[in-house]
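Read off the chains here:
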Amino acid sequence: MRKFDTKIQYLQYRAMTEVSRAAWNNTLQEEILDIPRRIVPGNIPTMRCCVYKERAILAERVKLAMGGDKSNPNVIEVIKIACDECPASGYEVTDSCRGCLAHRCQEVCKKDAITFDSKQKAQIDKTKCIDCGLCAKVCPYNAIQNHTRPCENACSTVKAISMDESMAADIDGDKCIACGACIYQCPFGAIMSKSYLLEAIDIIKSSQNNTKYRVYAIVAPAIASQFKYAKLGQVISGIKALGFHTVVEAALGADMVSASEAKELIEKGILTSSCCPAFVDYVHKNFPKLVDYVSHNLSPMATIAKYIKENDPTAKNIFIGPCTAKKVEFQKPEVAPYIDCVLTFEELQALFDSKDLDIVNMEEDLLDNASYFGRIFARSGGLSDAIVQGVKEIGDADFVAEPVPCNGIAECRRALLMLSRNALKGNLIEGMACEGGCVGGAGILTRGDKNKADVDKHSKIAQEKTITESVSQLP
Amino acid sequence: MKLVVCVGSSCHLRGSRQVVERLRKLIEENKLEDSIEFSGIFCLNRCQADRVSVKLDGKYFSLLPEEVDSFFQDEIMSKK
Chain W
677 MRKFDTKIQY
687 LQYRAMTEVS
697 RAAWNNTLQE
707 EILDIPRRIV
717 PGNIPTMRCC
727 VYKERAILAE
737 RVKLAMGGDK
747 SNPNVIEVIK
757 IACDECPASG
767 YEVTDSCRGC
777 LAHRCQEVCK
787 KDAITFDSKQ
797 KAQIDKTKCI
807 DCGLCAKVCP
817 YNAIQNHTRP
827 CENACSTVKA
837 ISMDESMAAD
847 IDGDKCIACG
857 ACIYQCPFGA
867 IMSKSYLLEA
877 IDIIKSSQNN
887 TKYRVYAIVA
897 PAIASQFKYA
907 KLGQVISGIK
917 ALGFHTVVEA
927 ALGADMVSAS
937 EAKELIEKGI
947 LTSSCCPAFV
957 DYVHKNFPKL
967 VDYVSHNLSP
977 MATIAKYIKE
987 NDPTAKNIFI
997 GPCTAKKVEF
1007 QKPEVAPYID
1017 CVLTFEELQA
1027 LFDSKDLDIV
1037 NMEEDLLDNA
1047 SYFGRIFARS
1057 GGLSDAIVQG
1067 VKEIGDADFV
1077 AEPVPCNGIA
1087 ECRRALLMLS
1097 RNALKGNLIE
1107 GMACEGGCVG
1117 GAGILTRGDK
1127 NKADVDKHSK
1137 IAQEKTITES
1147 VSQLP
Chain X
417 MKLVVCVGSS
427 CHLRGSRQVV
437 ERLRKLIEEN
447 KLEDSIEFSG
457 IFCLNRCQAD
467 RVSVKLDGKY
477 FSLLPEEVDS
487 FFQDEIMSKK
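Chains as they are written, first to last, in this note's numbering: chain W, 677 to 1151; chain X, 417 to 496.
It is possible that some hints are incorrect.
Straight-line distance between alpha carbons at most 30 Å, and here's what the computed DSS-like set of lysine-lysine pairs gives [unchecked claim]:
no. : chain 1 : residue 1 : chain 2 : residue 2
1   : W       : Lys-1141  : X       : Lys-441
2   : X       : Lys-418   : W       : Lys-982
3   : W       : Lys-1008  : W       : Lys-756
The set of hints was computed from the structure by calculation and includes no laboratory data.
The whole structure should be built from the sequences, with the hints applied where relevant.
If you want it as structure tokens, here you go:
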């Protein structure tokens, strides 16, 4: 049974599982210092220079599993001692340069940064080079390579990552949109998101088996692409076995959003989506003049959570999804009244194992509320299809929705630039910070093309075929 | 009167949408919007095979979509 794509995920998972197990047992205080040794026993290092460094890094992972550095408002944190201080010299000419006659690299360089030495080998003048990468693209020998840190590369649009004085990665919280792309890209696992596992466990425990108040799990539609070793119904059983009252599809909130966002689009004429918190944050931080274009709808998560609390005022809502930016969103004043905690699928896996729940041997429970259109929000292009459908269902023949689906933050930036110049080819920007949409989020267990196919498959079996039908199921 | 329909996954599969839509219509037709507090809850913990759970002023019922009219007549209209 393969639960994780990388060893880094596994180590984070181990730390989170041990912390959660101790939290359920009320023994975290006593056990906390023993957890790193439990994960790395013996004296032979397998990952770093010595077991002591391995354990020191695990102690940091334990701290993040417990909520991380409370003085740092960002939910994405660098584990400084885990950062390998990768070389970050930018574009460099390697030994593969043959000293050819064509000099395409020089021709293409707009900054005159390339010269040739006495052996006709290319040289890059670092004072002139702007790291555009054109020379690397045109070299027939691939002799020019980019030595950019994977974390900085992952953040090349947002540009929130730089180096601190000790050469370790440093995140600028004023720029960071908490998408978590760097978490997955760092090959040393030196970047993690803060976990709210302890808060979730406390909410569940204090509910006294849902008698003091009911605890709802609101699951993102990307769940259909995760936990591939089990059936979706078994995952739902597992969530209930953790102590949740019930499990609700965030995709039903997406149906509600589709209905009102379609109306908003017709009213305003031009709009961007608001369901991806990293995208919304990106607009606020980089295109403040475009903020008014952002849909005023709450996200699907917050929309369904609001409905739950309006009908069950003492309810506690815990969102479970693929997203690290939701950990920022739920603390915003407009969302905080509705969502009490946010977990990722990785964290849900840790919770299952902290209670030794073997979900593959459980009966299949049900998860059925949303329509096809609500469920496809989980993948790039889904929101666009849903709003087109929403406009169609409203029946305004004079208005045509022309969506511009943006897959990943770089495409979002391009569309926002076009919008700022009144040159957008379309009237609706679907902004998804992660490539592939939510199925490519930083908090997922398994990555890959199959995720989209799994979401589509789950969407097609939805009972409700229209957004109007789906929304009408709620009194 | 407080009328709650279970809209959880299990009841949804058993027709809670049809129950909600019919109740909404009956409430409108009889102009009872002001006297009935109509709401939905995700799981009343009363899952029953083939039937949708409904709670009226603390009392539980389980209905098939086609039983909504008689339920409305017997439990709401006759007791107003």
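We went through each hint and held it up to the structure:
1. W:Lys-1141 to X:Lys-441: Roughly 21 Å separates the two Cα atoms, so the pair holds.
2. X:Lys-418 to W:Lys-982: Status holds; Cα separation ~20 Å.
3. W:Lys-1008 to W:Lys-756: 28 Å, holds
Consistency with the previously given hints is maintained throughout, with no hint failing.
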